[in-house]
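Trainee: Given these sequences and hints, build the entire structure.
Line by line, the protein sequences give chains A and B. The first sequence lines up with residues 57 to 344 when you count with the working numbering. The second sequence lines up with residues 15 to 305 when you count with the working numbering.
Incorrect hints may have been included.
Claimed, not checked - Away from chain B, derived, C-beta distances all over 12 angstroms, residues of chain A:
hint, residue
1, LEU155
2, GLN212
3, LYS262
4, GLY320
To be verified - Label pairs and their calculated CB-CB ranges:
hint, chain 1, residue 1, chain 2, residue 2, range
5, B, LEU215, A, PHE98, 16 to 26 angstroms
6, B, ASP75, A, GLN210, 42 to 52 angstroms
7, B, ASN267, A, PRO141, 23 to 33 angstroms
8, B, ASP145, A, SER120, 11 to 21 angstroms
No wet-lab data here; the hints were simulated from the structure. As the structure is a computational prediction, the values presented were derived from the model and not from experiment. Ideal placement from N, C-alpha and C gives every residue a C-beta, glycine not left out.
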Amino acid sequence: MTTTAAQRPVGQPAARERAGPGPRRRGQSRLIARLLGAFTWFMIFYLTAPILVMIAFGFNDTHSRVNLRWQGFTFKWYGKLFDIPDLSQALRNSLLIALFTTIISTVLGTMMGLALGRYRFRGQGATDLLMFANIAAPELVLGASLLTLFISVQFQRGFLTILLAHVMFTIAYVAVTVRARLAGFDRTLEEAAQDLGADPWATFRKVTLPLIFPGILAGALLSFALSIDDFVITNFNSGQTQTFPIWVFGATRVGVPPQVNVMGTLIFLGGVTLAVIQVLAARRRKLD
Amino acid sequence: MSAVSARRRFRLAPYLLALPGIVWLAVFFVVPIVMTLSVSLQTGDVERGFQFTWHFANYSDAMGRYHVQFVRSLFYGLTVTGATFVLGYPMAYWIAFHGGRRKSFYLFLLLLPFFVSFVIRTVAWQFILSDNGILLGPLKDLHLLPSNFHVLATSLAVIGGLTYNFLPFMVLPLFVSLERIDPELVEAANDLYASRVRAFLRVVFPLSIPGVFAGVLLTFVPAAADYVSASILGGTRTTMIGNVIQTLYLTNNDYPLASALSFILMAVLIVGVMVYARVLGTERVYEVAGG
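Mentor: The following block contains the structure:
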């Protein structure tokens with residue numbers, strides 16, 4: 057850059073712009089910013105279009121399972137939400153698996169994150185590598201290899217194997233989030249607590265835990281979201297048990313009923329509400 | 015005495031904390047991958063069982079039969095990565111430099127798709143793109159498109175679906191790296207008579223390389239290994255390697271061949287990522303971090 061400036065002979069017309077970009081140039085860059093802004097909004101519309109379609113067709117007054125043409129507005133599918141027993145069961149499975157996954161992964165992942173973020177120990181590099189490989193490996197490979205294991209030891213596939221699989225691919229995410237939270241952690245706070253007579257457990261509960269709690273919460277929400285949405289790994293290890301995404305995938309061949317749109321809409325609204333609450337709470341904490 | 019045991023406990027603490035998670039990952043992640051490697055060298059079938067016979071022919075067999083789908087997956091993965099980059103960079107740039115106080119609001123809009131199941135989003139695209147659906151139907155009625163025109167079951171539909179699903183994975187890391195750039199650097203470049211294009215190419219873009227690196231990784235690997243989009247939006251001529259592996263495992267029960275294929279897929283992706291990191295990534299990342 058210095059060379060380009062030096063190459064330009066001093067005193068050329070460009071020197072007039074020394075005070076800053078001229079008016080023409082500023083107008084031009086404003087135009088570019090406008091165009092980029094319009095493009096971004098268009099892309100945001102593109103990203104949300106399928107969501108709008110999903111929500112809209114949950115209100116479609118269709119008379120069969122096939123939900124392809126707009127036939128008028130109705131609320132009836134909200135009333136008939138649980139009319140398809142298999143679908144309701146699949147949704148229940150998804151929610152239960154996501155809940156159990158969140159509990160197990162949050163506990164184990166937080167412990168791992170604490171070990172990696174607070175201590176130096178032999179094997180730390182290997183543990184890091186293990187987690188990185190776990191996050192980076194394609195889901196397809198994770199799911200398929202786990203199936204190989206279950207087949208080899210002749211383990212019946214179902215609810216339990218889905219749960220084992222989901223914990224396997226969410227632990228590392230929790231650990232990484234918790235460790236990130238520990239990055240700026242002030243160890244002297246713990247030492248102060250111990251000097252004041254707190255035993256290690258009390259120190260953890262009263263000092264460490266509140267400080268890393270936002271990281272734990274973020275990790276827990278992430279593992280819930282990853283678990284409830286997972287298709288690929290689940291599909292390999294589910295046996296006859298169905299989860300919500302598995303049921304929807306199976307239904308694409310015969311037509312996806314409007315109840316799926318309604319459930320998708322409710323999950324969407326629930327997730328967005330939770331996210332907004334979390335953001336607002338974080339903002340309030342920052343203000344305090 | 016108690017001080018010694020306390021110190022020992024202190025030294026043991028990280029191991030005790032990390033152990034349950036490590037064991038879980040070892041049993042359900044490392045062991046399965048080693049087993050996949052072992053199964054990929056076996057022969058036999060479901061009824062008579064499989065024996066380990068160093069049967070390397072599974073690998074040549076797999077590539078002989080499925081190289082078309084394999085190459086197609088890599089091609090789709092690269093195309094999707096390119097498309098998300100071209101579409102995502104301007105968005106990330108605008109949000110980072112012109113988003114002002116509403117930056118987090120734009121990011122939130124960008125993340126909205128994640129609140130809807132991946133499968134449902136793909137089903138929604140199937141619906142939008144269907145032959146006489148809400149997009150193509152009106153265009154056909156107006157005779158802007160021939161009546162037999164279709165998007166579903168073409169490469170365009172699969173690549174489009176993948177691009178849609180992975181776009182946020184490209185935009186977010188790009189945004190993070192662009193947002194860190196001090197706008198005064200760009201002003202300095204302008205003051206030094208760099209043209210706008212030049213300021214972008216010499217200042218902004220090099221500083222965003224770590225984001226490009228992360229975005230490409232987050233997009234390419236899952237896109238190349240995906241099979242949901244190809245199943246829902248594609249047809250018989252858009253089958254990806256993921257579809258093949260899934261069928262071999264769950265329908266044909268040909269575990270050795272399926273294992274060989276998933277091992278090849280993993281190896282190619284890992285080697286690809288490592289070469290990419292060598293050539294483009296780490297050096298530039300270090301350069302940026304160091305300079």
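Trainee: Would you pick out the hints that fail for this structure and give their numbers low to high?
Mentor: 4, 6
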